[in-house]
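Trainee: Now for the letters of each chain:
Number of protein chains: 2
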Amino acid sequence: MIQKLIEKIEKNSAPIVVGLDPMLNYIPEHVKANAFKEHGETLEGAAAAIFEYNKAIVDATYDLIPAVKPQIAMYEQFGIPGMIAYKKTVDYCKSKDLVVIGDVKRGDIGSTSAAYATAHLGKVKVGSNSFYAFDEDFATVNPYLGSDGIIPFIDVCKEENKGLFILVKTSNPSSGEFQDQLIDGKPLYELVGRKVAEWGEIHMGKDYSYIGAVVGATYPEMGKVLRDIMPKNYILVPGYGAQGGKGKDLVHFFNKDGLGAIINSSRGIIAAYKQEAYQSFGESCYADASRQAVLDMVSDIKSALVK
Amino acid sequence: MIQKLIEKIEKNSAPIVVGLDPMLNYIPEHVKANAFKEHGETLEGAAAAIFEYNKAIVDATYDLIPAVKPQIAMYEQFGIPGMIAYKKTVDYCKSKDLVVIGDVKRGDIGSTSAAYATAHLGKVKVGSNSFYAFDEDFATVNPYLGSDGIIPFIDVCKEENKGLFILVKTSNPSSGEFQDQLIDGKPLYELVGRKVAEWGEIHMGKDYSYIGAVVGATYPEMGKVLRDIMPKNYILVPGYGAQGGKGKDLVHFFNKDGLGAIINSSRGIIAAYKQEAYQSFGESCYADASRQAVLDMVSDIKSALVK
Numbered sequence: 003m004i005q006k007l008i009e010k011i012e013k014n015s016a017p018i019v020v021g022l023d024p025m026l027n028y029i030p031e032h033v034k035a036n037a038f039k040e041h042g043e044t045l046e047g048a049a050a051a052i053f054e055y056n057k058a059i060v061d062a063t064y065d066l067i068p069a070v071k072p073q074i075a076m077y078e079q080f081g082i083p084g085m086i087a088y089k090k091t092v093d094y095c096k097s098k099d100l101v102v103i104g105d106v107k108r109g110d111i112g113s114t115s116a117a118y119a120t121a122h123l124g125k126v127k128v129g130s131n132s133f134y135a136f137d138e139d140f141a142t143v144n145p146y147l148g149s150d151g152i153i154p155f156i157d158v159c160k161e162e163n164k165g166l167f168i169l170v171k172t173s174n175p176s177s178g179e180f181q182d183q184l185i186d187g188k189p190l191y192e193l194v195g196r197k198v199a200e201w202g203e204i205h206m207g208k209d210y211s212y213i214g215a216v217v218g219a220t221y222p223e224m225g226k227v228l229r230d231i232m233p234k235n236y237i238l239v240p241g242y243g244a245q246g247g248k249g250k251d252l253v254h255f256f257n258k259d260g261l262g263a264i265i266n267s268s269r270g271i272i273a274a275y276k277q278e279a280y281q282s283f284g285e286s287c288y289a290d291a292s293r294q295a296v297l298d299m300v301s302d303i304k305s306a307l308v309k
Numbered sequence: 003m004i005q006k007l008i009e010k011i012e013k014n015s016a017p018i019v020v021g022l023d024p025m026l027n028y029i030p031e032h033v034k035a036n037a038f039k040e041h042g043e044t045l046e047g048a049a050a051a052i053f054e055y056n057k058a059i060v061d062a063t064y065d066l067i068p069a070v071k072p073q074i075a076m077y078e079q080f081g082i083p084g085m086i087a088y089k090k091t092v093d094y095c096k097s098k099d100l101v102v103i104g105d106v107k108r109g110d111i112g113s114t115s116a117a118y119a120t121a122h123l124g125k126v127k128v129g130s131n132s133f134y135a136f137d138e139d140f141a142t143v144n145p146y147l148g149s150d151g152i153i154p155f156i157d158v159c160k161e162e163n164k165g166l167f168i169l170v171k172t173s174n175p176s177s178g179e180f181q182d183q184l185i186d187g188k189p190l191y192e193l194v195g196r197k198v199a200e201w202g203e204i205h206m207g208k209d210y211s212y213i214g215a216v217v218g219a220t221y222p223e224m225g226k227v228l229r230d231i232m233p234k235n236y237i238l239v240p241g242y243g244a245q246g247g248k249g250k251d252l253v254h255f256f257n258k259d260g261l262g263a264i265i266n267s268s269r270g271i272i273a274a275y276k277q278e279a280y281q282s283f284g285e286s287c288y289a290d291a292s293r294q295a296v297l298d299m300v301s302d303i304k305s306a307l308v309k
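Heads up: the sequence lines are chains R and C, in that order. For reference, each letter of the first sequence is one residue, going 3 to 309 in our numbering. For reference, each letter of the second sequence is one residue, going 3 to 309 in our numbering.
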């Protein structure tokens, strides 16, 4: 799956991922009205609106992008109907041949981590049958519990040719409270980064590991250090756009081969029609605004990488 | 909700929580056979077996215990039907007046943490209506992302009179890889513990905060230190029984008032019938074996606390 991700990045010349993190207030009124007409102002109605909104954005962008990253929390808050919309979104994106990174940030220990890995990347046995539950291609994972939490995920990834992105340095302002604390003179995120490099060796693709890292665009200097610590690990970079990261901040997240990083934008793409730059599209053409925002993001990153 | 938890602990003289972490291989053959007869060897069949198994154990133990802790990963691996079984389990336990600790170990930042908090503890707005999604009483949360990840959970807890247990020192062998690293001479888990004490002040009950901590029974010496650092925070203690923690290890997790800790046992209770000590109950009376295991656990802890 890391090979597929890299091939699609190269084919589209677009090291980007679209974050499908739908909030009801991003969704145009006409999409909500249609869904509520059929299902009422219910969890089912919200879930239907979310799926239609996602589908239109995917239809308008799938030929330009290698991957999507649905944020499961945005679906989970709508309970069972929300989880069904999440699963439908994953399946729909896969039907469009997109790589799907489940932004689930799960993490536990032993058999519980194995169960999460099964839920999102593997298949579960029931009697003599087996079934995929959510079946994303990659999942994001929290490292706080150490190897006992990560290895069960890697075991499933090896069986299924799938991968992980492990949180190393997150994009938020308070990420330093724990992640930047110095241990023998080096910040915790570097120690985590070194473990990711080590874990990555367990499940290598051709040049890159199936095991990647999450490092926020908002910390470019730390990205530079982490790039060196984890030369064979793909870095998933959130925080571009709405969170303040800019194209020029991203240069150091890439390796000299022009690979090694994939930049996420969520709100900046899916709610583009709400921004001044794209308001001429109007609410009814929100998906076209998203397409234009993808094109602009790709060219922003390209021009930053050329310099 | 912390008051309800404390009242129920005192009423039952039982500072324990039963972990509802069903694995298919814990579930007696006759329960699975019934479920598969109706639903086939499908995700729905597994979910039906899980719910029936949980229900019988809850029916046999609810009068002895204050709380249950369903581990969502064990349900999530069965996809949508598994999530429905999770929700049914939460609802059933609440109908028996049990406090429900959702062991979900979620954690993200900003609006995404808020969405997780909404999913598990709050209510979501859809048009002019609002709905509870999973509606547990407490949730477990991962601290790696810092205050930006935790505060949105606390905001929802304040609205709903609900609470959290934040991972501080986990029970697994490799928990030390990051959690024990020294920062200015003190381990990371102490720094996290001090933050939990600080966050706890934001949402206080009478003597204890709604914001608690998770500290593994397998590290009693660290439990002692953390008890002092977090005097007003309840400690949820996993790792008793199957993971090797014993009654005598638990003494230091409690305050002098005899409160302040709640000890979890999962496999040791729900799969008691598989242990030598309870095999006389037989597979058909698995729920009675669970009841006996609860009684034995309560008396083990009581005798340890008296010494």
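Read the hints as simulated data drawn from the structure, not as lab findings. Keep in mind the model is a prediction, meaning the values are calculated, not measured. One thing to keep in mind: the hints can contain errors.
The list makes no distinction among identical chains, and a pair is therefore deemed to hold if it is satisfied within one copy or across any two copies.
To be verified - In the DSBU-like style, the derived pairs of lysine-lysine whose C-alpha atoms are separated by at most 35 Å in a straight line are: (1) 39 x 13; (2) 276 x 127; (3) 39 x 234; (4) 188 x 39; (5) 250 x 39; (6) 276 x 125; (7) 208 x 39; (8) 57 x 89; (9) 188 x 57; (10) 127 x 248; (11) 39 x 160; (12) 96 x 188.
Trainee: Indicate, hint by hint, whether the structure satisfies it.
Mentor: Taking the hints in turn, this is what the structure says about them:
1. With identical chains, the CA atoms of residue 39 and residue 13 are never at most 35 Å apart, being 41 Å at best within one copy and 49 Å at best between copies.
2. In this assembly of identical chains, the alpha carbons of residue 276 and residue 127 lie at most 35 Å apart only when taken from different copies (21 Å versus 45 Å within one copy).
3. Neither within a single protomer nor between protomers do residue 39 and residue 234 lie at most 35 Å apart by alpha-carbon distance, with minima of 50 Å and 49 Å respectively.
4. With identical chains, the CA atoms of residue 188 and residue 39 are never at most 35 Å apart, being 56 Å at best within one copy and 58 Å at best between copies.
5. In this homomeric assembly, residue 250 and residue 39 never come within 35 Å of each other (Cα to Cα): the closest approach is 45 Å inside a single copy and 60 Å across copies.
6. For the identical chains of this complex, residue 276 and residue 125 are inter-copy neighbours only, at 26 Å across copies versus 40 Å inside a copy, given an alpha-carbon limit of 35 Å.
7. Taking the shortest Cα distances, residue 208 and residue 39 never come within 35 Å of each other, neither inside one copy (50 Å) nor across copies (47 Å).
8. Within a single copy, residue 57 and residue 89 get their C-alpha atoms as close as 13 Å, and across copies as close as 28 Å, so both meet the 35 Å cut-off.
9. Proximity of residue 188 and residue 57 under a CA criterion of 35 Å is satisfied in neither setting, with 44 Å inside one chain copy and 50 Å between copies.
10. Taking the closest pair of Cα atoms, residue 127 and residue 248 come within 35 Å of each other only across two copies (33 Å); inside a single copy the shortest separation is 45 Å, beyond that limit.
11. For the identical chains of this complex, residue 39 and residue 160 are inter-copy neighbours only, at 34 Å across copies versus 45 Å inside a copy, given an alpha-carbon limit of 35 Å.
12. Proximity of residue 96 to residue 188 under the C-alpha cut-off of 35 Å is found in neither arrangement, the shortest distances being 40 Å within a copy and 47 Å between copies.
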